[in-house]
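Please model the complete structure; the sequences and the hints are all you need to start from.
Residue numbers (UniProt numbering): 1 to 193.
What the hints contain is simulated information worked out from the structure, not anything from laboratory work. From a predicted model like this one, the values you see are computed outputs, not experimental measurements. Hints are not guaranteed to be accurate.
Claimed, not checked - Okay, the calculated beta carbon distance ranges per label pair: (1) Thr58 <-> Ile162: 52 to 58 angstroms; (2) Glu48 <-> Val98: 47 to 53 angstroms; (3) Asp30 <-> Asp73: 18 to 24 angstroms; (4) Ser71 <-> Asn177: 49 to 55 angstroms; (5) Lys159 <-> Ile182: 29 to 35 angstroms; (6) Thr74 <-> Ile163: 49 to 55 angstroms; (7) Arg23 <-> Thr62: 18 to 24 angstroms; (8) Asp29 <-> Ile163: 54 to 60 angstroms; (9) Ser39 <-> Arg165: 29 to 35 angstroms; (10) Leu13 <-> Thr74: 27 to 33 angstroms.
Backbone N, C-alpha and C define an ideal beta-carbon position, used for all residues, glycine too.
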Amino acid sequence: MLVVCHIDLYKSLHSQMELEALRSIYEGDDCFKEISPISFQFRIGDLEDTKAFLMDITWPETYPETGPQISLDTFFNNRISAETKQIILSRLEEQVAVNLGTAMMYTLFEWAKENQEALMEHHKPVVTTVTLTSSSEVKMHVSAAKKKEKKVQLTKAQKKRIISRTDNKGELPRGWNWVDVIKLSKTGGKDDE
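What follows is the structure in structure tokens.
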């Protein structure tokens with residue numbers, strides 16, 4: 001039991017040291033984002049680059065003896081095809097296997113940056129489809145919505161009362177429903193006779 005606790009402490013110490021190293025190396029770098037002490041995002045490439053991708057990495061409890069969980073399922077990667085994502089993940093898993101048992105995050109990030117072109121060589125941007133409707137269909141939907149909405153008709157007296165109570169923005173003034181405490185205390189208390 002003592003040996004297991006010592007090993008767990010050793011692992012957590014190394015993970016903490018790696019976390020501090022990552023924070024100091026990538027401080028101020030907008031490509032690196034620490035989501036939590038065990039979860040990170042790292043962008044490979046510039047924001048404008050069509051071949052840029054975002055790695056979402058989470059450390060399991062047994063890291064670094066087991067590899068980190070790597071995901072490319074982020075909104076930033078929506079334009080990358082599933083085949084390209086699979087190629088990237090398999091190549092990253094190869095690098096994880098080589099570095100098992102060591103602090104590998106920096107090595108993994110730098111390897112991905114250096115090999116971005118090779119990882120994205122089969123990249124074909126995914127085109128999202130947008131459905132366009134004719135203007136007559138839109139007008140029919142708008143007119144149907146207008147028919148459903150009926151406003152309550154107010155009388156002139158009701159409108160005047162609303163206008164007299166509100167300011168130029170249509171809002172009631174501050175304190176419109178406050179109670180005058182002094183007036184209330186003069187009329188509401190019992191006499192002590």
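Each hint, compared with the structure:
For the pair Thr58 and Ile162, the supplied restraint of 52 to 58 angstroms holds, since their beta-carbon distance comes to about 56 angstroms. Take Glu48 and Val98: their Cβ atoms lie about 32 angstroms apart, and the range 47 to 53 angstroms is violated. Separation of Asp30 from Asp73 is about 21 angstroms and conforms to the stated range, judged on CB atoms against 18 to 24 angstroms. Taken as a hint, the range 49 to 55 angstroms holds for the pair Ser71 and Asn177, whose Cβ atoms sit roughly 53 angstroms apart.
Here the CB-CB span from Lys159 to Ile182 is close to 34 angstroms, well matched to the stated 29 to 35 angstroms. The given range of 49 to 55 angstroms is respected by Thr74 and Ile163, whose C-beta atoms sit roughly 52 angstroms from each other. With their beta carbons about 22 angstroms apart, Arg23 and Thr62 fall inside the hinted range of 18 to 24 angstroms. The hinted range of 54 to 60 angstroms is satisfied by Asp29 and Ile163, whose Cβ atoms lie roughly 57 angstroms apart.
Checked against the hint of 29 to 35 angstroms, the pair Ser39 and Arg165 fails, with Cβ atoms roughly 53 angstroms apart. At about 30 angstroms, the CB distance of Leu13 to Thr74 agrees with the hint of 27 to 33 angstroms.
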